Amino acid sequence: MIDLQNICRHFQMGDQEVRALDQIDVHIESGEYVSIMGPSGSGKSTLLNVLGLLDRPTAGTYLLDGRETTSLDDEELAHTRARKIGFIFQSFHLIPRLTAFENVELPLVLAGVAPEVRRPRVQELLASLSLESRAKHRPNELSGGQRQRVAIARAMVMQPAVLLADEPTGNLDHISGAEVLAAIEGLNARGITLLVVTHDAEVAQRARRHIRMRDGKVVEDAT
Amino acid sequence: MLLLAMSIGVAAVIALTSLGEGARRYVADEFQALGTRMIIVIPGRSETGGVSPGMLSGETPRDLTLSDALAVQRLPGVARVAPLVVGSAPASVGALEREAPVMGSSSELMPVHGFVLARGDFLPPGDLSRDTAVAVIGNNIARELFPGREAIGGNLRIGDRRFRVVGVLADQGRMIGMDSQELIIVPVSAAQALFNTESLFRLLIQAHTRDDMTRVRDATIEAIKLRHQGEEDVTVITQDALLSTFDRIFTALTLTLAGIASISLAVAGVLIMNVMLVSVSQRTSEVGLLKAIGATRGQITALFLTEAILLSVAGAIAGMAVGFGVDWVVGNIYPSLPLNPPVWAIVMALVVAILSGVVFGLMPARRASRLDPVAALAGRR
Ligand SMILES: Nc1ncnc2c1ncn2[C@@H]1O[C@H](COP(=O)(O)OP(=O)(O)OP(=O)(O)O)[C@@H](O)[C@H]1O
Ligand SMILES: [Mg+2]
Chain A
12 MIDLQNICRH FQMGDQEVRA LDQIDVHIES GEYVSIMGPS GSGKSTLLNV LGLLDRPTAG
72 TYLLDGRETT SLDDEELAHT RARKIGFIFQ SFHLIPRLTA FENVELPLVL AGVAPEVRRP
132 RVQELLASLS LESRAKHRPN ELSGGQRQRV AIARAMVMQP AVLLADEPTG NLDHISGAEV
192 LAAIEGLNAR GITLLVVTHD AEVAQRARRH IRMRDGKVVE DAT
Chain B
69 MLLLAMSIGV AAVIALTSLG EGARRYVADE FQALGTRMII VIPGRSETGG VSPGMLSGET
129 PRDLTLSDAL AVQRLPGVAR VAPLVVGSAP ASVGALEREA PVMGSSSELM PVHGFVLARG
189 DFLPPGDLSR DTAVAVIGNN IARELFPGRE AIGGNLRIGD RRFRVVGVLA DQGRMIGMDS
249 QELIIVPVSA AQALFNTESL FRLLIQAHTR DDMTRVRDAT IEAIKLRHQG EEDVTVITQD
309 ALLSTFDRIF TALTLTLAGI ASISLAVAGV LIMNVMLVSV SQRTSEVGLL KAIGATRGQI
369 TALFLTEAIL LSVAGAIAGM AVGFGVDWVV GNIYPSLPLN PPVWAIVMAL VVAILSGVVF
429 GLMPARRASR LDPVAALAGR R
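Chains A and B are the protein sequences, given in the same order.
Read in order, the letters of the first sequence are residues 12 to 234 in my numbering.
Read in order, the letters of the second sequence are residues 69 to 449 in my numbering.
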């Protein structure tokens, strides 16, 4: 499913080179549940961005579903992101002017899906995340946990193969965090490949595979 | 701020151009009312060739007379000639009396000038020098001097002379500054006797066709010069020449006004660009998110461009409302001004508004679409 070979991502900071990712080799099968831990600045987010095709590696090859991605142009990357990858972020990144429903609907709109197809799909997703009563609310009228669940619904609405979560519970209290985890684990149980970056060992423990990073390198990869 | 600028721009275009057009049409209509194919002979020579105040008041170095009119009548290309003597005299019926403008002319005045009768007849055709004691009167004169009874057939005293009323003019509003409701028309020789003068105020000539106009004008000047001991002491103006001069002046005026208004539109465009740039930088992380959920560069450009266009069109519509509002107010103050913005001005204002939305929105939109998704998500640019 995901095959990283010798991936490097270097940033040039003045005359200093920061090796955010330093020769990473990782292989992830479809349906896996992986946690990624490591100290701040170890390259976790950079890894997730590369996996999500938001960032291009400086060197190495990245095969997604057997397809080489480093040679794709921006347009193809955007389309691949739209179809295969769902993101959730620590800070939710909902659009404040849109309702929960509209936020979830957005990827479908961008993909040109017809309104009559969009509507039931969004409704069904919101219902599965116990958000049906919040469909018409704007993000500022929702709790943190509800916002993150809206973000999950948005990530799932295009039925991607991979869900990338960068500290999804980082801004949430314990109970909301547990709800969000339960939601994404439910998706994983139905087959989606799940990668969760976290600082919380308790959260990380729930995954079946644990990757630990330090200074841009994978220092531990245990199941 | 932005909407305001755009509104002001469009409002200015609409209001200013319709004022310019309105003024032009007002003058054009006024001249059209003079009748068609008309050539006007004015005693006195205008040195500048323009319309000088002395000329309009009819100062006469050498008089224009009825025999001049008869001579002109015989020229080729001339269809009709109507001499004009104008003055003011007391008009009375029994004990009722009022001061009224009196116009002395011939039966030809009606077709040349485009007068319309409400009822009765106009001046009878015939010898210009014959002094028939008949009069055609305006509606108001008829009402005031013959209250409650038919004016036609009635006797009317003007100055120390008696006239029989043969016709009543229809209400045509103002015609060359004279209210057709307040007018008395009598045969030219009667008017000459009344005002004790030989000279004419004007000579109105109607050419057979439009193409004859220049020929008739030149021939008229020649003929009168010949009769006036070789001195060219009259001014001859054609309706067309006057009209086209005014037309040019007012078109230039309208264009200038439109130009001024367009500058304010351009200013609005620059403001749009600023607003959009601010909006893009404020929404950097939104752009990042859109990219994360699979929006292409084209989609993001289109999104911001649409927003810019919507903004400018909203401004344009607001501006039109204001512009039409101004027209409406001015139209109420000056009801005689036909105040409709020319269609081209409305279209131009809209097109310029949309164009400035596109032109000035494109740069910010492209900037948004080129943002690096990772940096944008972090709110960095
Ligand atoms: N755009 C950038 N320009 C320069 N350096 C960067 C950039 N993005 C990341 N880095 C550097 O790359 C390294 C890895 O950053 P990354 O954000 O992946 O860390 P992280 O593991 O996610 O940390 P945290 O736990 O704090 O989120 C850091 O040293 C960071 O300073
Ligand atoms: Mg991070």
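Read the hints as simulated data drawn from the structure, not as lab findings.
Be aware that one or more of the hints could be misleading.
[Claimed, not checked] To be clear about the criterion: a stretch of chain A counts as covered by chain B if any three or more of its residues have a C-beta under 8 Å from a C-beta of chain B, and this derived list gives those stretches:
| # | region |
| --- | --- |
| 1 | 79-89 |
| 2 | 113-124 |
| 3 | 197-205 |
| 4 | 209-216 |
Keep in mind the model is a prediction, meaning the values are calculated, not measured.
Just so you know, even glycine gets a beta-carbon here, dropped at the ideal spot from N, CA and C.
Okay, the hints, checked on the actual structure:
With 3 residues carrying a beta carbon less than 8 Å from a beta carbon of chain B, the region 79-89 of chain A meets the three-residue requirement, and the given coverage holds. Only residues whose C-beta sits within less than 8 Å of a C-beta in chain B count toward coverage, and the region 113-124 of chain A has 4 of them, enough to reach three; the restraint holds. Residues of the region 197-205 of chain A with a Cβ under 8 Å from some Cβ of chain B number 0, which does not satisfy the need for three, so the listed coverage is violated. Under the rule that three or more residues need a Cβ within less than 8 Å of chain B, the assignment of the region 209-216 of chain A is violated, with 0 such residues.
Violated hints, listed in ascending order, are 3, 4; each of the other numbered hints is respected by the structure.
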